[in-house]
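Taking full-length UniProt numbering, the leading residue of the sequence shown gets 1, the next gets one more, and so forth.
These are calculated hints, taken from the structure and not from any lab test. Hints are supplied without guarantee of correctness; some may be wrong.
Using 20 Å as the maximum straight-line C-alpha spacing, the simulated EDC-like pairs for lysine to aspartate or glutamate come out as follows [unchecked claim]:
#, residue 1, residue 2
1, K62, D115
2, K44, D115
3, K44, D61
4, K62, E74
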Amino acid sequence: MISIEELQRIADAPLHSWLGTLGVSVIVILVVTVVHRLGARIVKRIAQPYPLMSAILRYIDKPSLVVLALLALEFLWVQADDGMSFVRGMRTAAAVGSIVSLTWLLVRLAAGVGDAIIQAHPIDTADNLQARRVHTQAKVLVRTVMVLIVIIGTGAALMTFPNVRQIGASLLASAGVAGLVAGIAARPVLGNLIAGLQIALTQPIRLDDVVVIQGEWGRIEEITGSFVSVRLWDQRRLVVPLQWIIENPFTNWTRSSAEIIGTVYLSVDYRTPLAPLREELARLVHAAPEWDGRVQVLQVTDATERTMQLRALVSAADSSSCWDLRCRVREGLIAYLQDRYPQCLPRSRMELYPHDSAPDAPNRERPHVRSPAASTAANTAADPQAVEGR
Numbered sequence: 001m002i003s004i005e006e007l008q009r010i011a012d013a014p015l016h017s018w019l020g021t022l023g024v025s026v027i028v029i030l031v032v033t034v035v036h037r038l039g040a041r042i043v044k045r046i047a048q049p050y051p052l053m054s055a056i057l058r059y060i061d062k063p064s065l066v067v068l069a070l071l072a073l074e075f076l077w078v079q080a081d082d083g084m085s086f087v088r089g090m091r092t093a094a095a096v097g098s099i100v101s102l103t104w105l106l107v108r109l110a111a112g113v114g115d116a117i118i119q120a121h122p123i124d125t126a127d128n129l130q131a132r133r134v135h136t137q138a139k140v141l142v143r144t145v146m147v148l149i150v151i152i153g154t155g156a157a158l159m160t161f162p163n164v165r166q167i168g169a170s171l172l173a174s175a176g177v178a179g180l181v182a183g184i185a186a187r188p189v190l191g192n193l194i195a196g197l198q199i200a201l202t203q204p205i206r207l208d209d210v211v212v213i214q215g216e217w218g219r220i221e222e223i224t225g226s227f228v229s230v231r232l233w234d235q236r237r238l239v240v241p242l243q244w245i246i247e248n249p250f251t252n253w254t255r256s257s258a259e260i261i262g263t264v265y266l267s268v269d270y271r272t273p274l275a276p277l278r279e280e281l282a283r284l285v286h287a288a289p290e291w292d293g294r295v296q297v298l299q300v301t302d303a304t305e306r307t308m309q310l311r312a313l314v315s316a317a318d319s320s321s322c323w324d325l326r327c328r329v330r331e332g333l334i335a336y337l338q339d340r341y342p343q344c345l346p347r348s349r350m351e352l353y354p355h356d357s358a359p360d361a362p363n364r365e366r367p368h369v370r371s372p373a374a375s376t377a378a379n380t381a382a383d384p385q386a387v388e389g390r
């Protein structure tokens, strides 16, 4: 904060000293801007056939202008008269601005390199395993480099102030590998940074991987410096910390290949013929565009007291195609059974036997029951009047 005494000294200084310096500063900024614009156009035209260089130039256009302007001002204020009361503050401000702008330039340069690498490896292809590997490494490593650049730049800026050089030195020390390893236990941010580096190097997950985490099926949508965003099948997002990914087991369907085998289960009656069903399965998969031609099998995998379970295995190039293929096969087999073998659909049986012909019925004595005719004859013989009255 400028004190009243400093303002008085500025007012008492000769006009040609500080006004002239400010005028030269404005001229320097204008010259640097014009030179930068002309140079940028020339360089962009030269780099136009090279997508990598063009992407980097787009990222560093504005930061490079600010860096050049502040470096020119810093050089100008160093040459200024030491007798001017405000020259020390301007020199310090120019130095800090140069460091901050240079940090900004390096951060944008790292982002430009990462974006150029990602553009050179499109992920929207059939076999995108290598592209997904590059995308994951580029994003995680670029983000790590950007964090380190910011830490170093902040420390360097603080080093320009004598009273806070100790703080700046501590920040610079924390940017080293030893500082990162020592700070894992005490600093969750640095712990996530280490986890991000481990994911980038070992790659248990990649961008667009199909995973099952805690029973939720989805795709890896984003890998940040602290968490992983998984896009679930119903458009929800599952946010998982990086530390959890490293420390807990989960299922990755596309770890080494996007190819996958799907299963279709059917419960049918014991009278179901298997040969026609196998022929129908072959017909269905050969007509399906999702089938990749590797696997198509129909087997009996279980049998209960009422039904037997059939399992159809079909293969596809990726998980999305596999899901559609499974639905197609399931619907086709059910329709085939309904049309050709409706009696083979699952059913519950109950057979009723007469009491006398029940199988394995125990031999029990049945009470003697006289027929109505026999009873009438016996009563008639015992009653002579009844005979006479006929």
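Results for each hint:
no.: 1; hint: K62 with D115; in the structure: holds, 17 Å
no.: 2; hint: K44 with D115; in the structure: holds, 17 Å
no.: 3; hint: K44 with D61; in the structure: holds, 10 Å
no.: 4; hint: K62 with E74; in the structure: holds, 19 Å
Violated hints are absent here; each numbered hint is respected by the structure.
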